[in-house]
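Trainee: Here the protein sequences line up with chains D and W, keeping their order.
The first sequence: position 66 = 66 (my numbering), numbered continuously.
The second sequence: position 39 = 39 (my numbering), numbered continuously.
Since the hints were derived computationally from the structure, they do not count as laboratory data.
Check before you lean on any hint, since a few could be wrong.
Stated by the list, open to error - In silico BS3-like pairs for lysine-lysine, Cα to Cα no more than 25 Å straight-line:
#1 D:104 - W:3
#2 W:128 - D:24
#3 D:259 - D:104
#4 W:7 - D:104
#5 D:213 - D:147
#6 W:223 - D:104
#7 D:104 - W:147
Single-letter residue listing:
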Amino acid sequence: MKTSKDNMFKIYCSEIYRNRYLLKVLVQRDILMKYRRSALGILWSVLTPLGLAIVVGSVYAVLFGMSPKLLIPLIFASINPWGFMSGTADASTGCFLNAEGYIKQSSVGTMFFPLRTTLTSFVNLLYSTLTFFVIYLIIQPNLFGWKMLLCIPGLIIMFAFTLGLSNITSVVNIFFRDFAPIQSLLLQGLFYATPIIYDASILDERGYSIFYKINPFYYMIEVVRRPMLGETLPGVECYLISIILAFFVLTVGVFLQVKYRHKIVFQI
Amino acid sequence: MSKIDIKNANLIFSTKKDRSLKNILVAGKSGFTELSNSGEVHAINDMTLSITEGERVAIIGHNGAGKSTFLRMVSGIYTPTSGTVEVEGDISGMYEFATGFEMEQNGWDNIYIRGLMLGLTPGQIIPKMREIAEFSELGNYLNVPVKYYSSGMLIRLAFSVSTSINPDILLLDEALSAGDAAFIGKANQRMKDMVENSKILVLVTHSMGAALELCNRCIWLDKGTIMMDGAPALVTSEYMRSVGSAI
Chain D
1 MKTSKDNMFK IYCSEIYRNR YLLKVLVQRD ILMKYRRSAL GILWSVLTPL
51 GLAIVVGSVY AVLFGMSPKL LIPLIFASIN PWGFMSGTAD ASTGCFLNAE
101 GYIKQSSVGT MFFPLRTTLT SFVNLLYSTL TFFVIYLIIQ PNLFGWKMLL
151 CIPGLIIMFA FTLGLSNITS VVNIFFRDFA PIQSLLLQGL FYATPIIYDA
201 SILDERGYSI FYKINPFYYM IEVVRRPMLG ETLPGVECYL ISIILAFFVL
251 TVGVFLQVKY RHKIVFQI
Chain W
1 MSKIDIKNAN LIFSTKKDRS LKNILVAGKS GFTELSNSGE VHAINDMTLS
51 ITEGERVAII GHNGAGKSTF LRMVSGIYTP TSGTVEVEGD ISGMYEFATG
101 FEMEQNGWDN IYIRGLMLGL TPGQIIPKMR EIAEFSELGN YLNVPVKYYS
151 SGMLIRLAFS VSTSINPDIL LLDEALSAGD AAFIGKANQR MKDMVENSKI
201 LVLVTHSMGA ALELCNRCIW LDKGTIMMDG APALVTSEYM RSVGSAI
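With the rest of the complex left out, here is chain D (with noise of 0.2 Å):
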């Protein structure tokens, strides 16, 4: 084996450019395997957050006397950003046991499998963002303007940040296999924790703002939803921290694809 001493970036590029047939075709039959056989097929990817969307939308609206007409397509334009982050990083747990037939018949490597996973929600979400933008064109065109078109770099920067939560949650799953259950019990808390189904100013309100000002989520949900809302843009500050975060969480997650790019296949 070459020792290399490359740059790891760059032998994350190469290992996944090599495998770039590979991974499109796993990519097309995993979105095509996943509702196999259901009557509404890929839809399912749609009605679900937009069922879950209506369903707390219309409860609040009765509790809290809010319009469920504003209060719809925002959580609807929450939970698809949320569902795509929470949803890799847990499918991400298990992908390179999963994988294991390609791992171990052939020289494909693992650092690709995080990257399948993560591709794989993001299709869901953008077919779950267009369905957002058909409804929202519906019940509020006056609101539809160039706004909305930031939401690609916000996309951008949350695709940047769940990818590397993909790349540290599969390397960690696999030498420590009780992380994808208490990841699950902590992204379950982050749901409630993190202003998804409610408004920030709620925290505000009450002196929290401290919860989802630390929180990573709030800043990539913030710079997908709020575009995508049409009304307000998040400040220059909310794109600089998201930035950050993205990069730095993508730097963690190649470093440790690369470092563990020899031990993963003992451990499957």
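Given chain D, put chain W in place with the hints provided.
Mentor: Relative to chain D, chain W alone:
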């Protein structure tokens, strides 16, 4: 010029596979925990070996002798714990079976995916698919999800793909044990053809017949150590003698 060069390679498996919360919490309690947990399997033991072009090497030995591990180490799937493994040339391999298939996909899709796994591009694999399908003789079964295949049919499929790409180095693990007689004959012929183009073949086998018929060098492994390395006739007879004396 293809070659395999192994110098002082060691490969040690740690049998303590998973670090669970329980292990960590309990670890501090007793001085014995660490000792009993440090169970290691020395799968390849200080191996130095070189294989050059034109060599057809049979690897024989008991179950657990390190044969399959050796093959995976050559292919780069396993990195040696210490020492070096240098390989020049493109590798195509077929290791243990029943994994590496997409069970829900049909035979054609699996040919395509396996081709990509071996490092081919879509442009390289698509023109070969018809020939691969013909060699496998699976016919209409190729349109059926491979979960309905028998183990022999899976082997036909895997072997047909792995040998279709004219690799410099072909690594086969127990390749043909589940194939039927007709296919074994055909596969042996194909391996002979491939090796005639001055490539390297490494075949892990329990069949002394295959070692004698296909190979011009034979290595007997035991506990990760090379017991004997030489002409197939000599090594297989020595190996059989040792097996006989053990009984």
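Trainee: Next step is simple, just say for each hint if it's right about the structure.
Mentor: The hints, checked one at a time:
Under the criterion of a C-alpha separation no larger than 25 Å, the hint pairing residue 104 (chain D) with residue 3 (chain W) is consistent with the structure, at around 22 Å. Taking the CA atoms of residue 128 (chain W) and residue 24 (chain D), the gap is about 20 Å. The hint holds against a cut of 25 Å. Taking the CA atoms of residue 259 (chain D) and residue 104 (chain D), the gap is about 19 Å. The hint holds against a cut of 25 Å. About 23 Å separates the Cα atoms of residue 7 (chain W) and residue 104 (chain D), which keeps this hinted pair within 25 Å; it holds.
Between the alpha carbons of residue 213 (chain D) and residue 147 (chain D) the distance comes to roughly 24 Å, so the proposed pair stays at or under 25 Å and holds. Among the hinted pairs, residue 223 (chain W) with residue 104 (chain D) is consistent with the structure: their alpha-carbon atoms are about 21 Å apart, no more than 25 Å. For the given pair, residue 104 (chain D) sits about 19 Å from residue 147 (chain W) by alpha-carbon distance, which is consistent with the 25 Å threshold.
In this structure, none of the earlier numbered hints is contradicted; all agree with it.
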